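> Protein sequences, first through last, are from chains C and L.
Our numbering runs 455 ahead of the 1-based position in the first sequence.
Our numbering runs 19 ahead of the 1-based position in the second sequence.
Just so you know, these hints were derived from the structure itself, not from any lab.
Note that this is a predicted model, so its numbers are computed, not measured.
Check the hints yourself; a few may be wrong.
A short, non-exhaustive set of chain C residues, derived as facing chain L with CB atoms under 10 Å [what the hints assert, rightly or not]:
1. 535
2. 614
3. 723
4. 748
No residue lacks a Cβ here, since even glycine has one placed at the ideal position from N, Cα and C.
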Amino acid sequence: MTDTTIRPVAADRALLSRLRAWYSAETPNPAKRVQFNRPFTPWLFLLPQLAVVVIFFYWPSVQAVTSSFYIEDPFGFGATFVGMENYTDAVSSSQYAGTAFFTAFFCVVVTALSLGIGLLLAVKADKVIRGAATYKTLLISVYAIAPPVAGLIGMMFFDMHIGPLTDIAAFFGHDLRVGIDYWDTVFAVTIISVWKQIPYNFIFFLSGLQSVPVSVREAALIDAKSGWRRFMDVTLPLLAPTAFFLLVINITYAMFDTFPIFDVVVKDKPANNPITLVYKVYLDGFKGNDIGGSSAQSVILMVVVAALTVLQFRFLERRVHYG
Amino acid sequence: MFKTATTTIAILLTGSTAMAQTEISWWHGMGGRNGEVINEISQKFNEAQSECRLTPVSRGTYEEALSSGIAAFRSGEQPNILQVFDAGAATIIAAKGATIAAEDLITAAGETFDRDAFIAGVRNFYADSEGKFIGMPFNSSAPILYYNTEAFEKAGVTAPKTWEDFEKIAPALKEAGYLPLTASQLTWMMVENFKSRNNQQFATNNNGYDAVGGTELIVNDENQVMMFEKLKEWADNGLFGFYGAGWADNLKPFEQGESAMWIGSSGSFGGLQQSADFDFSAVYMPYWDAIKGAGTQSFIGGAALFAMSGKPEEENTCTARFFTFLTSPETQVFYHKATGYVPITEAAYELAKSQGYYEEKPVAEVGIQQLMLQGGDWSKGYRMGFYPQIRTVMEREFNRIFSGEVSVKDAFQIIEDEGNQLLARFAKTAG
Chain C
456 MTDTTIRPVA ADRALLSRLR AWYSAETPNP AKRVQFNRPF TPWLFLLPQL AVVVIFFYWP
516 SVQAVTSSFY IEDPFGFGAT FVGMENYTDA VSSSQYAGTA FFTAFFCVVV TALSLGIGLL
576 LAVKADKVIR GAATYKTLLI SVYAIAPPVA GLIGMMFFDM HIGPLTDIAA FFGHDLRVGI
636 DYWDTVFAVT IISVWKQIPY NFIFFLSGLQ SVPVSVREAA LIDAKSGWRR FMDVTLPLLA
696 PTAFFLLVIN ITYAMFDTFP IFDVVVKDKP ANNPITLVYK VYLDGFKGND IGGSSAQSVI
756 LMVVVAALTV LQFRFLERRV HYG
Chain L
20 MFKTATTTIA ILLTGSTAMA QTEISWWHGM GGRNGEVINE ISQKFNEAQS ECRLTPVSRG
80 TYEEALSSGI AAFRSGEQPN ILQVFDAGAA TIIAAKGATI AAEDLITAAG ETFDRDAFIA
140 GVRNFYADSE GKFIGMPFNS SAPILYYNTE AFEKAGVTAP KTWEDFEKIA PALKEAGYLP
200 LTASQLTWMM VENFKSRNNQ QFATNNNGYD AVGGTELIVN DENQVMMFEK LKEWADNGLF
260 GFYGAGWADN LKPFEQGESA MWIGSSGSFG GLQQSADFDF SAVYMPYWDA IKGAGTQSFI
320 GGAALFAMSG KPEEENTCTA RFFTFLTSPE TQVFYHKATG YVPITEAAYE LAKSQGYYEE
380 KPVAEVGIQQ LMLQGGDWSK GYRMGFYPQI RTVMEREFNR IFSGEVSVKD AFQIIEDEGN
440 QLLARFAKTA G
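Chain C with its partners taken away, still in its complex shape:
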């Protein structure tokens, strides 16, 4: 009985003194940790970021989830609760499976190509000594082009009537019809999207390469004669953190940020041309004014991306060694 009454008091006291210490910012070793002398100060600094996240992410997400269970009049006069019907309608539509398949395919191809070419160029640029700055600037400058502009430039090359690439294809006996033939359009959007993303990967890979210590390189040079083996066994593992980061970024790019490129290439009339899932969300929601259906699709997309991110971090990041 006595035991039980004393202990909490002692615990309270200890907690109280800790709180006081925390509040008055008396730390045993002030040099080691950054401490705020007011408990609200850190929250104050966090507030703008939190506000942005809440207003632009959580709040719309909650809205999207709610409206995905309703079929709604676009002007907001009435909403009928339909349960899962928006989800079943979306998934069972003939176009959805095709769009989902294309999105997955497009993500893999664009990520692989832009990472691969970015890495290759970075490795080669790392070795260039004369005119290195010019070479690098030229490669990086493409990154300054906004995606819609990249799409426009691309479509000048692929135009059915006046595009030079169409002429080149015709020379090799292929009638390139971007906008009509499904796979021709796939080809065009992939080329444009990869082209736009290579500089980004190039910058990161190049800085990653330049941070590989010279001593390690020299040691590797003694151990292995083959440049390919040195690259695979030493350079690549040291680049892994960069590569993992880029992988996540590139998948997000292919899934979401290529939107303006598609918009320009299909000239806002997709017909049977390939589109990504996020473009379909836009089409149904903003052009078709089907808010419920579009919300359901965006919730599905949200779940898929969340699952993908978890998978990446659980299975891939384990194999990444941060130096």
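Put chain L on the given structure of chain C with help from the hints.
Just chain L, lined up with the frame of chain C:
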């Protein structure tokens, strides 16, 4: 110093006069030259009277204007006037309470409204099943057949009136080195206006006018399928060129003098005068002689203006005044000449005629005459919800038809099935 003072005074003065005026806003989806003309019209209205001040705002394309109008309405920030295109008409008309019927608005403001003043082809499209004007027809167009006169002389043929005529002259044009025909936006030309020109039913429930619930698309019928089987056959034989769903991609061969005929909008006339460096003329869009009762007027394309609800009375009065101003013969003729869209009232048409405009530019008269042709049961219009998405489905299947992936019959079955699903979904939003 003196200059700043006067500027300040000037600003204060304009500020105070603006205070006395009623401000109204107009969101539209027109760009380029057509967007400039909208600014000119607004300026004319502002100069013609002093009580109301109209500010036009471009909201991108037709679709973007509609979605931003909807988003604004939901947050209570709607403009007074919203321009809505033909395919979006059902969406806004079905949302009862979003708009005030143009006719009610005008009569409530104490002005007169006469349905019969409008040309026949314009009267029903944006009206309810009783013929009451919900939207105010604004930029109205008709699909017409443009042709390269030089190409026709070279081939020694005359412009076709029917598709049967087309089949007779097309080989000669091909022989003369031309691609005989291209057409933009097959949804509008070869489905919607195939229905109107040939007087064919497009949807149940009186083309969708009578009720939202239970409306079903009728496109997998013998005649509609025949039209596309012919188009595919012509495309395979080099008599018709298909360049996807994009408007400009199908126009370009005509502008470059490669194709001899192009089916486009009467509203394209202004642009073509600048882009084509050859002589061209135009005739009505062809119909099938073989279909009984064909040759009727076409649906109007383009867009209408809707007065949004939830606005104070004095603003509504100003909106009504603007609508009246817009339909005056002078404004209509100005707009007709500046853009190529048709005049929507009989009086405006007469005025343009009396000014000798059509002697100078006969092509400008083709669209309006086609809209004044004899009407049929099915040439008044159609009213279907989620119609922009139904068009998207059609565009997808048309690409597949011309690439040979699907037969015409199967494609139209898919269009009918998916279209009906969309219509059923729309009925739920309205119910």
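> Can we keep the residue 614 of chain C interface hint, with Cβ of chain L closer than 10 Å?
holds, 8 Å
> Please verify that hint: residue 535 of chain C, Cβ, nearest Cβ of chain L, below 10 Å or not.
Residue 535 of chain C check passes; min Cβ-Cβ to chain L is 5 Å, inside 10 Å.
> Taking the least C-beta to C-beta distance, is residue 748 of chain C closer than 10 Å to chain L?
Holds, because the Cβ-Cβ distance from residue 748 of chain C to chain L comes to roughly 7 Å (cut-off 10 Å).
> Should the hint that residue 723 of chain C touches chain L count as held when the rule is a Cβ pair under 10 Å?
The hint holds - residue 723 of chain C has a Cβ within 10 Å of chain L, the shortest such distance being about 7 Å.
In this structure, none of the earlier numbered hints is contradicted; all agree with it.
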